[in-house]
Amino acid sequence: LAKTTQPISMDSYEGQEVNITCSHNNIATNDYITWYQQFPSQGPRFIIQGYKTKVTNEVASLFIPADRKSSTLSLPRVSLSDTAVYYCLVGDLYNQGGKLIFGQGTELSVKP
Amino acid sequence: EAGVAQSPRYKIIEKRQSVAFWCNPISGHATLYWYQQILGQGPKLLIQFQNNGVVDDSQLPKDRFSAERLKGVDSTLKIQPAKLEDSAVYLCASSLGQGNSPLHFGNGTRLTVT
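Those protein sequences? They're chains B and C, same order as listed.
For the first sequence, the numbering used here begins at 1 and goes up steadily by one.
For the second sequence, the numbering used here begins at 1001 and goes up steadily by one.
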C-alpha cells in the first residue's frame, strides 16, 4: 500500500492560492490519487481525483507529475470557509473500491 | 441524493459496557466502510464490505469489535466491552465500488468512554 506524506499544517490568507503537496514514492501502477476535505464534526468530503497530469473541477486543481511520486492540490483564492483538514489518499480504486488509507492530513488555516 | 446516514450522533458509555452504531449507505452503493477517527488523527479503516461480504477486516479488533451488513444495505458496528481507548468518532462511508468512484462519508458517531 502506498504511504503518503503531507505537511502537518499550512497557513494562508483570504484570496491567496494554496498549494498542498503530497508525496507518495511507492505509488503502484493501478493507484489513483484522491483528495478529501474534512471540517470539524463532519465526515471527509471528496474534492478531486486523478491518475496523471492535471485534473480540474469547480473546487480545485490536481497536478500530478509524470513519475506520479507526488501530487499537488491547488485551491484558488481561498476563503475562511476553506479552513479544514485536507487528506491525500492513494489506492487502487478498481479493486472492489480499493483499500484507502488516510494519513494525518494537512490542517489548513485561512486567515482574514 | 440522500447522503450516508449514521446514528446515534453522540454516545457516552462507561468502560466495559457495550455500544452499537448504525449506518445507512447511499442507495445502490455496493461498498461500505467503517473508519475510526481518534482526535487529531486521520480516519483508520476498521472494516470494508462489498455487498454483504467482508473484503477487509484486518484492522478490526475482533476480540471486542464486530460488524455486519445484512442484506447488503444497512450496517451495524458493535463494541463489547468498550475500553477507554475506544473513544473516537466512528465514520461510515459508502461507494459504488466500481471504477474510481469516490467514498461518501456520514458525519459519524462520537463515542466517549468514561
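Because the hints were derived from the structure by calculation, they are not lab data.
Treat the hints with care, as some may be off.
As the list claims (entries may be wrong) - Listed next, the in silico BS3-like pairs over lysine-lysine satisfying Cα-Cα at most 27 angstroms (straight line):
no. : chain 1 : residue 1 : chain 2 : residue 2
1   : B       : LYS69     : B       : LYS52
2   : C       : LYS1015   : C       : LYS1062
3   : C       : LYS1015   : B       : LYS3
4   : B       : LYS3      : C       : LYS1011
5   : C       : LYS1071   : C       : LYS1015
6   : B       : LYS3      : B       : LYS69
7   : C       : LYS1078   : C       : LYS1062
8   : C       : LYS1078   : C       : LYS1015
9   : B       : LYS69     : C       : LYS1044
Unchecked claim - Not close to chain B: a few residues of chain C, all C-beta gaps over 10 angstroms, as computed:
no. : residue
10  : GLU1014
11  : GLN1017
12  : LEU1111
Every residue, glycine too, gets a C-beta built ideally from N, C-alpha and C.
Quick rundown of the hints versus the structure:
Using a Cα cut-off of 27 angstroms, the hinted pair LYS69(B) and LYS52(B) holds, with the two alpha carbons roughly 10 angstroms apart. Restraint check for LYS1015(C) and LYS1062(C): the C-alpha separation of about 17 angstroms stays at or below 27 angstroms, so the hint holds. For the hint linking LYS1015(C) to LYS3(B), the alpha-carbon distance of about 34 angstroms lies beyond 27 angstroms, and the restraint is violated. Only pairs whose Cα atoms come within 27 angstroms are accepted, and LYS3(B) paired with LYS1011(C) is rejected, the gap being roughly 33 angstroms.
About 31 angstroms separates the Cα atoms of LYS1071(C) and LYS1015(C), which puts this hinted pair outside 27 angstroms; it is violated. A distance of roughly 11 angstroms separates the Cα atoms of LYS3(B) and LYS69(B); the hinted pair therefore holds under the 27 angstroms criterion. Under the criterion of a C-alpha separation no larger than 27 angstroms, the hint pairing LYS1078(C) with LYS1062(C) is consistent with the structure, at around 10 angstroms. Annotation: proposed proximity of LYS1078(C) to LYS1015(C) holds, straight-line Cα distance about 14 angstroms (limit 27 angstroms).
At roughly 23 angstroms between alpha-carbon atoms, LYS69(B) and LYS1044(C) fall within 27 angstroms of each other, so this suggested pair holds. Listed as outside the interface, GLU1014(C) is consistent with that label: its C-beta sits roughly 24 angstroms from the nearest C-beta of chain B, beyond the 10 angstroms cut-off. Separation of GLN1017(C) from chain B is adequate, the least Cβ-Cβ distance of about 24 angstroms exceeding the 10 angstroms criterion. Distance check for LEU1111(C) against chain B: the nearest CB is about 14 angstroms away, which clears 10 angstroms, and the non-interface claim stands.
The structure fails hints 3, 4 and 5 (numbered hints given earlier, in ascending order).
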